[in-house]
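Please model the complete structure; the sequences and the hints are all you need to start from.
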Amino acid sequence: VASDTAAACKIEDEERRVAEAQLGDLGALRPILERYASPLYGSVILPRLGDPTSAEEILLETLATAVEKIGSFTWQGKSIYPWLRQIAINKIFDLHRHIKRSRRLVEALSFEIGDEGDDIQAADAQLMADQERRHHRQRIDDTLAEIQPRYRAAIELRLISELSREECATRLQVSVATFDVLLFRAVRSFRKVFGARELAQRVRGAQPTPAPTVHKEQ
Amino acid sequence: MSSNPPGPQGPTSATPRAGTAPGDFDILDGDIAAPDEVASSKELALASHFAGLIDKAIAGRTPPALASDERALLEVATTIRSVVGRAELAEGRRRELVDDAFAGVTNLRGPGPRAISEKPDGARRSQRLRARSWLPWTLTATTLTMAAAAIAALWMRPPHSVVVNAPSQIPTHWRSRGADAVVGEIRRENAARAADRLDSIYSDRLDGYREAMLFRGQGAR
Chain E
1 VASDTAAACK
11 IEDEERRVAE
21 AQLGDLGALR
31 PILERYASPL
41 YGSVILPRLG
51 DPTSAEEILL
61 ETLATAVEKI
71 GSFTWQGKSI
81 YPWLRQIAIN
91 KIFDLHRHIK
101 RSRRLVEALS
111 FEIGDEGDDI
121 QAADAQLMAD
131 QERRHHRQRI
141 DDTLAEIQPR
151 YRAAIELRLI
161 SELSREECAT
171 RLQVSVATFD
181 VLLFRAVRSF
191 RKVFGARELA
201 QRVRGAQPTP
211 APTVHKEQ
Chain Y
219 MSSNPPGPQG
229 PTSATPRAGT
239 APGDFDILDG
249 DIAAPDEVAS
259 SKELALASHF
269 AGLIDKAIAG
279 RTPPALASDE
289 RALLEVATTI
299 RSVVGRAELA
309 EGRRRELVDD
319 AFAGVTNLRG
329 PGPRAISEKP
339 DGARRSQRLR
349 ARSWLPWTLT
359 ATTLTMAAAA
369 IAALWMRPPH
379 SVVVNAPSQI
389 PTHWRSRGAD
399 AVVGEIRREN
409 AARAADRLDS
419 IYSDRLDGYR
429 EAMLFRGQGA
439 R
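Heads up: the sequence lines are chains E and Y, in that order. Under the working numbering, the residues of the first sequence are numbered 1 to 218, in order. Under the working numbering, the residues of the second sequence are numbered 219 to 439, in order.
No wet-lab data here; the hints were simulated from the structure. If you're wondering where the values come from, they're calculated on a predicted model, not measured in any experiment. Among the clues, some could well be false.
Taking lysine-lysine pairs in the DSS-like style, the calculated list, with each CA pair at most 25 Å apart, reads [unchecked claim]:
hint : chain 1 : residue 1 : chain 2 : residue 2
1    : Y       : Lys260    : E       : Lys192
2    : E       : Lys78     : E       : Lys10
3    : Y       : Lys274    : E       : Lys192
4    : E       : Lys91     : E       : Lys69
As structure tokens, then:
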């Protein structure tokens with residue numbers, strides 16, 4: 001109940017600030033954007049790009065577009081977060097389409113857009129970001145479960161637990177040079193398995209429709 | 219699993235894909251060796267380099283310039299890290315980006331009675347980011363303008379004046395001319411003596427050639 005009340009207060013605060021911004025006081029948006037910059041970056045943009053520099057640029061463009069187009073936003077009793085998220089996803093999609101990169105993992109993540117957001121728009125923005133992150137995490141875990149246990153261990157120790165190379169090597173009882181090779185093969189293997197899984201899902205029609213479902217921001 | 223460092227004598231575990239030179243290690247689409255398989259020297263070097271890239275990515279210093287294959291692989295690692303919450307946006311950076319977003323829009327609209335306070339550094343960065351998208355168009359427009367100016371200059375310039383030596387300055391026997399003066403009238407009884415006539419013409423021409431080549435600058439004979 002307490003969290004529901006807090007969420008309601010946040011929504012009311014957002015509504016008031018959005019209204020002020022639409023009347024010309026753009027500074028009223030600042031606390032909202034500061035609140036949602038991190039979930040946008042960590043749950044929406046970076047997982048779909050894999051490159052921190054590009055992710056920061058997309059985040060900046062997303063926030064700038066939001067400030068610029070706040071006048072066209074229609075309040076629907078929900079958080080502004082889904083609107084921001086959709087702007088970000090459109091920009092990510094534009095970037096992917098522009099670069100035409102053939103990288104299965106990021107492409108697969110970038111295609112996963114929009115649809116799941118409709119069911120959770122009424123929820124708190126943080127819950128939405130958490131849910132999205134859990135969804136990504138599930139796919140990562142499913143892929144990890146399919147690769148060699150030694151490779152899985154290398155990824156978990158180095159990339160998830162962020163232990164040093166030396167510590168990882170000690171835990172796996174190998175030299176640092178051998179651990180480097182293990183991690184190198186592990187990431188290559190992960191990419192391959194992830195790409196194959198996504199392809200199989202799309203063939204089965206289980207994947208949300210990619211490009212045509214993207215709706216441009218207002 | 220061997221704990222020894224992989225040696226150079228091991229098999230190359232990746233097969234080259236189309237467009238990859240024979241003997242090259244195909245990072246993205248090549249075969250992946252089993253965990254305990256000995257690495258080749260090439261794979262060992264790539265793995266060591268990739269480990270360094272991971273170190274930098276974790277430290278937040280991803281190199282801006284990378285080979286496309288390496289970048290693709292590093293993006294996989296970054297995606298995994300971001301999904302498990304290991305690649306968050308630093309609070310200071312987050313504030314900077316929000317400031318930049320406001321500064322960019324404020325600059326576009328110009329200062330107004332209820333405009334947001336400007337942040338000079340952020341404004342500059344934002345302007346730079348926005349200007350980046352205009353850069354190719356600006357370069358293209360400049361190049362086209364310069365090309366058009368060059369074409370116009372070529373079109374409008376006065377025609378080349380080609381200096382030709384006046385024929386009168388060259389002695390007649392240096393110039394191409396008819397052989398009538400040398401051969402003269404060919405009588406019927408001399409009709410078969412073509413070789414003699416050719417010798418005369420040849421001698422005349424050789425005489426002019428020699429003078430032109432050997433005594434040039436000393437005036438005509």
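What are the numbers of the hints the structure violates, in ascending order?
Hint check: nothing fails, all pass.
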